[in-house]
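Quick mapping for you: the protein sequence lines, in order, are chains A and B. With our numbering applied, the first sequence corresponds to residues 124 to 553, in that order. With our numbering applied, the second sequence corresponds to residues 124 to 553, in that order.
Bear in mind the hints are in silico, worked out from the structure with no lab data behind them. Certain hints may be false.
[Stated by the list, open to error] Restraint-style ranges between C-beta atoms, simulated for each label pair:
no., chain 1, residue 1, chain 2, residue 2, range
1, A, 145, B, 137, 52 to 62 Å
2, B, 526, A, 457, 15 to 25 Å
3, A, 409, B, 526, 31 to 41 Å
Positions of the beta carbon are idealized from the N, C-alpha and C atoms, including for glycine.
There are 2 protein chains.
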Amino acid sequence: MPWRLASTDEDFEDRFATLLGAKREQAADVDAAVRAIIDSVRAEGDAALLALTRRFDQLELTPATMRVTEAEIEAAYEATSPDTLEALNLAHRRIAAHHRRQLPADDRYTDAIGVELGSRWTAVESVGLYVPGGSASYPSSVLMNAVPAKVAGVERIAMVVPAMRGALNPLVLAAAKIAGVSEIYRIGGAQAVAALAYGTQTIAPVAKIVGPGNAFVAAAKRQVFGHVGIDMIAGPSEVLVIADGDNDPDWIAADLLAQAEHDTAAQSILITDDLAFADRVETAVERQLSTLSRAETAAASWRDHGAIIVVEALSDAAPLSDRIAPEHLELAVADPEALFATLRNAGAVFLGRHTPEVIGDYVGGSNHVLPTARSARFSSGLSVLDFVKRTSVLKLSAGQLRELGPAAIELARVEGLDAHGRSVAIRLNL
Amino acid sequence: MPWRLASTDEDFEDRFATLLGAKREQAADVDAAVRAIIDSVRAEGDAALLALTRRFDQLELTPATMRVTEAEIEAAYEATSPDTLEALNLAHRRIAAHHRRQLPADDRYTDAIGVELGSRWTAVESVGLYVPGGSASYPSSVLMNAVPAKVAGVERIAMVVPAMRGALNPLVLAAAKIAGVSEIYRIGGAQAVAALAYGTQTIAPVAKIVGPGNAFVAAAKRQVFGHVGIDMIAGPSEVLVIADGDNDPDWIAADLLAQAEHDTAAQSILITDDLAFADRVETAVERQLSTLSRAETAAASWRDHGAIIVVEALSDAAPLSDRIAPEHLELAVADPEALFATLRNAGAVFLGRHTPEVIGDYVGGSNHVLPTARSARFSSGLSVLDFVKRTSVLKLSAGQLRELGPAAIELARVEGLDAHGRSVAIRLNL
Numbered sequence: 124m125p126w127r128l129a130s131t132d133e134d135f136e137d138r139f140a141t142l143l144g145a146k147r148e149q150a151a152d153v154d155a156a157v158r159a160i161i162d163s164v165r166a167e168g169d170a171a172l173l174a175l176t177r178r179f180d181q182l183e184l185t186p187a188t189m190r191v192t193e194a195e196i197e198a199a200y201e202a203t204s205p206d207t208l209e210a211l212n213l214a215h216r217r218i219a220a221h222h223r224r225q226l227p228a229d230d231r232y233t234d235a236i237g238v239e240l241g242s243r244w245t246a247v248e249s250v251g252l253y254v255p256g257g258s259a260s261y262p263s264s265v266l267m268n269a270v271p272a273k274v275a276g277v278e279r280i281a282m283v284v285p286a287m288r289g290a291l292n293p294l295v296l297a298a299a300k301i302a303g304v305s306e307i308y309r310i311g312g313a314q315a316v317a318a319l320a321y322g323t324q325t326i327a328p329v330a331k332i333v334g335p336g337n338a339f340v341a342a343a344k345r346q347v348f349g350h351v352g353i354d355m356i357a358g359p360s361e362v363l364v365i366a367d368g369d370n371d372p373d374w375i376a377a378d379l380l381a382q383a384e385h386d387t388a389a390q391s392i393l394i395t396d397d398l399a400f401a402d403r404v405e406t407a408v409e410r411q412l413s414t415l416s417r418a419e420t421a422a423a424s425w426r427d428h429g430a431i432i433v434v435e436a437l438s439d440a441a442p443l444s445d446r447i448a449p450e451h452l453e454l455a456v457a458d459p460e461a462l463f464a465t466l467r468n469a470g471a472v473f474l475g476r477h478t479p480e481v482i483g484d485y486v487g488g489s490n491h492v493l494p495t496a497r498s499a500r501f502s503s504g505l506s507v508l509d510f511v512k513r514t515s516v517l518k519l520s521a522g523q524l525r526e527l528g529p530a531a532i533e534l535a536r537v538e539g540l541d542a543h544g545r546s547v548a549i550r551l552n553l
Numbered sequence: 124m125p126w127r128l129a130s131t132d133e134d135f136e137d138r139f140a141t142l143l144g145a146k147r148e149q150a151a152d153v154d155a156a157v158r159a160i161i162d163s164v165r166a167e168g169d170a171a172l173l174a175l176t177r178r179f180d181q182l183e184l185t186p187a188t189m190r191v192t193e194a195e196i197e198a199a200y201e202a203t204s205p206d207t208l209e210a211l212n213l214a215h216r217r218i219a220a221h222h223r224r225q226l227p228a229d230d231r232y233t234d235a236i237g238v239e240l241g242s243r244w245t246a247v248e249s250v251g252l253y254v255p256g257g258s259a260s261y262p263s264s265v266l267m268n269a270v271p272a273k274v275a276g277v278e279r280i281a282m283v284v285p286a287m288r289g290a291l292n293p294l295v296l297a298a299a300k301i302a303g304v305s306e307i308y309r310i311g312g313a314q315a316v317a318a319l320a321y322g323t324q325t326i327a328p329v330a331k332i333v334g335p336g337n338a339f340v341a342a343a344k345r346q347v348f349g350h351v352g353i354d355m356i357a358g359p360s361e362v363l364v365i366a367d368g369d370n371d372p373d374w375i376a377a378d379l380l381a382q383a384e385h386d387t388a389a390q391s392i393l394i395t396d397d398l399a400f401a402d403r404v405e406t407a408v409e410r411q412l413s414t415l416s417r418a419e420t421a422a423a424s425w426r427d428h429g430a431i432i433v434v435e436a437l438s439d440a441a442p443l444s445d446r447i448a449p450e451h452l453e454l455a456v457a458d459p460e461a462l463f464a465t466l467r468n469a470g471a472v473f474l475g476r477h478t479p480e481v482i483g484d485y486v487g488g489s490n491h492v493l494p495t496a497r498s499a500r501f502s503s504g505l506s507v508l509d510f511v512k513r514t515s516v517l518k519l520s521a522g523q524l525r526e527l528g529p530a531a532i533e534l535a536r537v538e539g540l541d542a543h544g545r546s547v548a549i550r551l552n553l
């Protein structure tokens, strides 16, 4: 049974706060183990990487066989069915087109007193892309992480993907080829993150590492952060659906289950102003659950973390939604634009009854790497901006330095920084 | 004696790599102490905060006296000299004007098949601003951190500043008033970071925390990251000056010392193509050093981390500069724009002989919170973008869902996600 709340309940605020604060994930404490793995890869390079791959992935590699060959990638691509290739190519085209609009423009300008200022954007030179192995080895994630980097102008994208006993998902290789990934290595875990961050004899280091992974990968990314850049640390997936009573309950139930099937820690929440509709959705979820191949996962997620919240009016949903700050937000209402205008915190919003969140997972064009665990209050989904950096520019003439210099000297004086003051004063013969 | 390297030396690559890799800062391991502080503030709120302030800052406060009053702020402002106020106001105007250009534009558009897509930007609702106490309590840093937040539209800026035995720098209060800070609390350390992240009876929690601090503050920011957003973890300051032999060696020496006086771990590097000029700068540094009030700090920084690198041609400086990825980069050469065009990794660049880096610290208009420790390879200085977040938007009609849906269903199928496929198929009667 999912949580049931009604905004008219006396204990609503308490229970809503409990729902918000509930920890869905137990973070395994793997920090010490990960530190040892990183240290060993830093110290011994390839030798450590190969030994750790033998131990964790039961795979015997050599420096020469770590890298997936062009022939393997080509074979995986050729083995992919035409329907799948067409879908991957459509997704690629739409993701690339959307992300090209995110490229920031340089801004050089001259202000009122003639000082030149500006911001110049350049691409990060090299990026490491982590792709999980096994059942979470998704070709769509390869596209979502690699395409913004390519659009940004990143020259080198080095992908790593663990190959347990040698097994690789050929669709992941096909997606990497479509996205233009430069290099692929069949390694994973904290040892792969360490190799990307510090380099080995075979793998050149990168400047930034992105992509999802298990607790070891997440801890490794946290530990190498600072030496290299990282993207967010993603938590379990979430959807909030705000729906009026005019929806087909089966459609909404399907949307709730699409999140729930990801992970037992995933969360699906419905907010509606129609109690009878809420009941119909709950019934539809139960009915659909039994037919899913991942029924056990979806059922556990829905039972432990699912929630149905009944409000008096849809306008009451907005402040609750902003407190949840959902990763995905569906507005299945008659006037979704009006409701959207009153909302603030969400990773991605899906407007209207014909925009299921799943479209955004694959072919909408927007990115499916989005802030989880209420972090949409302060962060954004993956974009081209994650693969560029800005250099600010300042250029003064002697005359402009004479105009602005005295204020700088005064502030250096009150901050007790003599040499700061002198660096300006010496140019003004002061 | 600073490091001396020449690109023609046989061991140049080795020594340059050693210079790049040298650790300038010993990170104190305060993680466990900080964890205990955060836990105690989370559990006991104000009571813990007041006890920790008594212990660490030797200051007896009550919930009522934690907050700096309007009258105190007003008195600090009134006590500030007109010259200083004028300088702060000039800095504020110029920083605000520059940062207003960084406000990102929303982007809603319709693609070729009629699908509506977009990015909508909104401000982070509330921000905590950490300001160090003591000699590093800089009014300029208050402006540099608060102004981008105000320009972004952040409604609430809660500033914390430790007051050892009650002492507050009145200029920090004056700068906070000029910048429009909403609330100021006389607390600091990891306990202040915990109060901002989790809230207490007196202090409402914020969504993001920015600002520099000591090892305790940095560790606390790392630990609360995820629950709230944080800015970068700043390391010791750095400057790289690329200068030809036509510069006044005293000007360049002053610029090198302006970084060195910050911190014994600060780093000043000169790259020049003129050996005789290099010697003249080294002599000028020694001469100027003796006259600085912070001579001891500057001398230690220059001795341990300072470097002079002589190259054969200025064009050889560019690849070295990109490997250093300096926080601040001065191009004191005849054609700075041409050299800049060949460079990629730098937090802020200062073009020409009349743009000392110090102008950027105070009144240039660009931000002085910049990526240190080679992180300009993958990150940028503080900007309005740090105080906004993006929601991506997707809106399909029934017809467009019919067009894109089959590709999404195909990708869901190959990824083994039944409910994903159903969420689309059910709307298409498939």
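For each hint, the structure was consulted:
no., hint, in the structure
1, A:145 with B:137: 52 to 62 Å, "holds, 54 Å"
2, B:526 with A:457: 15 to 25 Å, "holds, 23 Å"
3, A:409 with B:526: 31 to 41 Å, "holds, 32 Å"
Hint check: no violations occur; every hint is consistent with the structure.
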